Amino acid sequence: MLAPEQTWWKPMGRLEKTWLTVALVWCIFLTIMMPLWYFMGKQNVPTETYRTTPQEFAATVNDFVAKYQIGEENGIPVVAPPPGSDVYLRASTWQWYPILQLEKGKEYRLHISSMEYNHGFSLQPVNINLQVVPGYDYVATITPTSVGEFTIVCNEYCFLGHHTMVGKIIVK
Amino acid sequence: MSALSPTFPWAKDAKDDYRACPVTTLKVDMHTERLVIANAVMAVVCLVLGGIAALLIALTRWQAIHLLDALWFYRLLTLHGIDMLVAWIVFFEMAGLHFGSTVLLNARHAAPKLAWFGFILMTVGGLMANFVVLFDTNSIVTFTAYVPMKAHPLFYLSYILFAVGALIAVITFFINIVVAKREARFEGSLPLVVFGLMTAAILATYTLLEGAAAIVPAFFWSLGLMDFDPGIYRNFFWGFGHPAQQVNLAAMVAIWYALAQMTVGIRPVNEKFSRLAFILYLFFINLGSAHHLLVDPGLTFGWKAVNTSYAMYLAVLGSMMHAFSIPAAMEIALRAKGYRKGLFGWLRNGPWNEPGFGALIMSMILFGWIGGVTGVTIGTEQINMLAHNTLRLPGHFHATVVGGTTTAFMGFTYYVIPLIFRKELKLKKWAVWQPYVFGGGTALVSLGMITSGLQGVSRRNWDITFAGVVPGTVDLTLAIFGIGALIAVIGGIMYVTIVLTSILTGPRLEASSLLLTAGTHNPLLESTKLTDRQMEDKQNQPRGTLVLVFAFLVWFAVYYLTNWWLLGRTWFIR
Chain X
3 MLAPEQTWWK
13 PMGRLEKTWL
23 TVALVWCIFL
33 TIMMPLWYFM
43 GKQNVPTETY
53 RTTPQEFAAT
63 VNDFVAKYQI
73 GEENGIPVVA
83 PPPGSDVYLR
93 ASTWQWYPIL
103 QLEKGKEYRL
113 HISSMEYNHG
123 FSLQPVNINL
133 QVVPGYDYVA
143 TITPTSVGEF
153 TIVCNEYCFL
163 GHHTMVGKII
173 VK
Chain Y
204 MSALSPTFPW
214 AKDAKDDYRA
224 CPVTTLKVDM
234 HTERLVIANA
244 VMAVVCLVLG
254 GIAALLIALT
264 RWQAIHLLDA
274 LWFYRLLTLH
284 GIDMLVAWIV
294 FFEMAGLHFG
304 STVLLNARHA
314 APKLAWFGFI
324 LMTVGGLMAN
334 FVVLFDTNSI
344 VTFTAYVPMK
354 AHPLFYLSYI
364 LFAVGALIAV
374 ITFFINIVVA
384 KREARFEGSL
394 PLVVFGLMTA
404 AILATYTLLE
414 GAAAIVPAFF
424 WSLGLMDFDP
434 GIYRNFFWGF
444 GHPAQQVNLA
454 AMVAIWYALA
464 QMTVGIRPVN
474 EKFSRLAFIL
484 YLFFINLGSA
494 HHLLVDPGLT
504 FGWKAVNTSY
514 AMYLAVLGSM
524 MHAFSIPAAM
534 EIALRAKGYR
544 KGLFGWLRNG
554 PWNEPGFGAL
564 IMSMILFGWI
574 GGVTGVTIGT
584 EQINMLAHNT
594 LRLPGHFHAT
604 VVGGTTTAFM
614 GFTYYVIPLI
624 FRKELKLKKW
634 AVWQPYVFGG
644 GTALVSLGMI
654 TSGLQGVSRR
664 NWDITFAGVV
674 PGTVDLTLAI
684 FGIGALIAVI
694 GGIMYVTIVL
704 TSILTGPRLE
714 ASSLLLTAGT
724 HNPLLESTKL
734 TDRQMEDKQN
744 QPRGTLVLVF
754 AFLVWFAVYY
764 LTNWWLLGRT
774 WFIR
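Chains X and Y, in that order, are what the protein sequence lines are. Heads up: the first sequence runs through residues 3 to 174, numbered per this note's numbering. Heads up: the second sequence runs through residues 204 to 777, numbered per this note's numbering.
Be a bit skeptical, because a hint or two may be false.
Said to hold, decoys possible - Using 27 Å as the maximum straight-line C-alpha spacing, the simulated DSS-like pairs for lysine-lysine come out as follows:
#, chain 1, residue 1, chain 2, residue 2
1, Y, K544, X, K19
2, X, K12, Y, K741
3, Y, K316, X, K12
4, X, K12, Y, K626
5, X, K12, Y, K629
6, Y, K741, Y, K544
7, Y, K732, X, K19
8, Y, K475, Y, K384
9, X, K19, Y, K540
10, X, K19, Y, K384
Said to hold, decoys possible - Here's a subset of chain Y near chain X, in silico, CB distances under 8 Å, partners left out:
#, residue
11, V244
12, P394
13, V396
14, P433
15, V498
16, D499
17, Y516
18, V519
19, T593
20, R663
21, T704
22, T731
23, L733
24, G771
No lab work stands behind these hints: they were computed from the structure. Just so it is clear, the structure is predicted and the values come from calculations on it, not from any experiment. Idealized CB from N, CA, C, for every residue including glycine.
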C-alpha cells in the first residue's frame, strides 16, 4: 500500500525463479494440449458453418423430414436418415424438431440452426454441448458411439418456456 | 500553496480539504471520503437486492424445495446477475479506485464533481435495470440479454447509463493520478496496490468501451432502428462480460496485497515479480472473452485456441505468480516475527481471528483452488464441449467472483468502516466468523454446481427434471448446492448486519488501531520496518509456500487431465 523504495527492479530470488519456470512450463503444456488434441483426438469442436435464414433452414428441415420420416412420437416426426448423409435439426421456442434415429458407429453431418433466439444443443447423458445461433447453420460431424435414447436439452435461456424445450435422438 | 495550483480547468476551485488518519498516517481527502461512503453504501444496497434474489433462486434450483414459479425464477435470475455481478462489485471497485488514487498517494481528489456525476449515472442505471426487469415481463432476458431476444429499450438504456457512469469514475482515477504526480504528492513509483488498481482501471476502460459496442447497437435495435447480428452481439457482449470479471480479478489481487499488508505486515518479496504479473493481466487477459464462444458457430479452431489460452496462458501465469508472491510475502513477514517452526509454523500462527486475514485466506483458496483450476479447464477449447452452459460455469464463477472477489471485498469493508466511515466496528466476533461462514457456504455452492454440471445439468434452467434423463445423484449435488447457498446467505446477512449496525449506531469516532481483533500493533507500520536482511535471511525463506503452490499444481494437473479423459469417452464429433 505504500510507495516502494526508489529502485525496485531487482533480480528475483531462487524460489521465485523456480516457481516461475515451473509455472511457465505448465502453461506451455496447457497450450500444446489443444493443437495436439485437434490433430489426434476424436472429439473436436465443429467449425463448419454456413449463413442461413430461419425460412431457408425451416424449408430444408421440412424436405429432410418428408424424405426420411419413419414414424411419429407426440406429434413430432421420427426420422431415420441413411448413414453418412446430411441430417437437420431445428431449434425453436420450445421444441427440437424432428426426432432423429441414427446408427451406432456411423457418421452423420448434423446441421443445427435456430428459428428465432439463441438456443443450446445439450445432448444428455453424452454431455456434448453446442451453441445454436439464429442465422447460422452449424454443422457437427458426429459418430454415435453408444446406443439408446438420448435427450437434447436446451441449455441456452430462450425465454419463459426454456426448461420445457426437450428433444430426442435415438441410436440403434 | 503553489503545489496545489490548478492543473485542470474543472479542478480550479478544488481545495485541499483533508484529514490526517491517526492510524495509518495517511491523508484522507474529504471528497474521497464522501465518494467512498456513497459508493460503498450503494454497493451494499445492491448486495442486499442481489442476495434476496440469490436466496430465492437457490431455493428453486434445490430440486427438493423448488420454491418459485418459472416466471419469477427467470426474473430474479436476471436481477441476481445484474445486481451482483455488475452493480455490487463495480460500486465497490469505484470506491476502491477513488481511495487508491488519492489516499494511498497522499493526494487530493482532483475531479470530485465529475466523480459524483459518474456515481449518479451508475445509481440511476442500476436502479432502472431493477425496475425494468421487475415490471416488464419482456425484459426477463437474463444478464446476457442475447440479441435477438428483445427487452424493453429502457433495459439497454439502463446498462448504458451504468457503464457510462463507471467509465467516468474510472477517468477520474486517471485524472487523480496525473494530478498527484504533477503536484509531487508521492515520490517514485506507484505503490503496488495502486499499481494493481491501475491495471484494473485500464482493463475497465476498454471493457466498458466494448460493452458500448454491444449494448448501444442493441439499444437502437430494440427501438427498431437497425439490424443486429446475434453472433456479432455475442462477440461484443463477451468482450465486455468476461473482461469485466478480469477487472474484478485485478482489483481483488490489489486488495489481497492490501489485506496482507494490513493484517500481516508484508513487504512484497519482489516488486518486479508482482508488477510483471499485473502487466501480464494487462496484455493477455482480455483474450479470455473467447471463453464464451468456444462452441459457437462461425469461428475457427485457431481463433478459439489462441484467444482462449490468453496467447499462451500468460494471464494464468500472472495469477500463478501472485499465488506464490502473496503467501510468500506473508510467510517471510511471519517468519521474521519468529514463527519459524517447520514448514507451516508461520501459517498456524497467522492472525486467524482477524477478519481481514480470514477473508484473505478464504478468498485466495476459493479463487485459486476452485475457481482458477475449473476456469482454465472449462476454458480449454475442446473440453468446453462438456461444460458449455452447464452448471459447471456458474460453479466456476461463483468460486471466483463470490468466493474470491466478494469475500475479499467484504473483508476489506471491515477496515473501511473505522478508517473511512470513522465508526467503530460493531459485532466484532461476527466479523471474525463471517469470512469463514460466507466462504465455506460459497465453496459448497460451487462444488454443488460443478458436480451437477458434470452430470449434464444445465444452467439457467427452472426445472431440469423435464429433461427426464437426470441421474438420481443430481438430487444430492443440487442439495449440496442449496445448503451451501443457505450458509452463504447467512454469511451475507452477517456482513450486512455488521456493516449497518456499525455505520448506523454509535458516534463518529477516529480509529485507534488498524487491527480489529488481533491486537493493538500496527502491521502497516511494521511492514516498513522489515529490513532487506530479514527478507533475505535463510531462516525466513518461504519454503512452506513453495510446498503449497506445488500441491496446487498437482491438483490442477489432476483435474485438468481427468477432463481430457472424460472428453475422450464421449461421441466422436468434429
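Practice prompt. Would you check the hint for K12/X and K741/Y, treating anything up to 27 Å between C-alpha atoms as holding?
Written response: The given pair, whose Cα atoms are some 18 Å apart, holds under the 27 Å limit.
Discussion item. Does K384/Y sit within 27 Å of K475/Y, going by the straight-line distance between their CA atoms?
Written reply: 21 Å, holds
Practice prompt. Please verify that hint: V498/Y, Cβ, nearest Cβ of chain X, below 8 Å or not.
Written response: Cβ of V498/Y sits 5 Å from chain X, so the hint holds.
Discussion item. Quick check on R663/Y please, does its C-beta sit within 8 Å of some C-beta on chain X?
Written reply: Given a least distance of 4 Å, the restraint on R663/Y holds.
Worksheet entry | Evaluation of the interface hint that places V244/Y against chain X, nearest CB under 8 Å | For V244/Y, the interface hint is violated, since the closest Cβ of chain X sits about 23 Å away, which is over 8 Å.
Worksheet item: Quick one, is the V396/Y hint okay against chain X at 8 Å, beta carbons?
Response: Holds, because the Cβ-Cβ distance from V396/Y to chain X comes to roughly 5 Å (cut-off 8 Å).
Fill in: chain X contact restraint for T731/Y - C-beta distance below 8 Å
Cβ of T731/Y sits 6 Å from chain X, so the hint holds.
Discussion item. Does the closest beta carbon of chain X sit nearer than 8 Å to the beta carbon of L733/Y?
Written reply: 12 Å, violated
Worksheet item: Minimum Cβ distance from Y516/Y to chain X below 8 Å?
Response: This hint holds: Y516/Y lies near chain X, its Cβ roughly 4 Å from the closest one there, short of 8 Å.
Worksheet item: Given the proposed pairing of K19/X with K384/Y, does the C-alpha separation stay at or below 27 Å?
Response: Roughly 33 Å between the alpha carbons, so the hint for K19/X and K384/Y is violated.
Worksheet item: Hey, does the D499/Y contact hint survive, CB to chain X under 8 Å?
Response: Nearest chain X Cβ about 5 Å off; hint holds.
Worksheet item: Close enough to count: is the Cβ of T704/Y nearer than 8 Å to one in chain X?
Response: Violated, because the Cβ-Cβ distance from T704/Y to chain X comes to roughly 27 Å (cut-off 8 Å).
Checked against the numbered hints given earlier, this structure breaks hints 3, 4, 5, 10, 11, 21 and 23; the rest are met.
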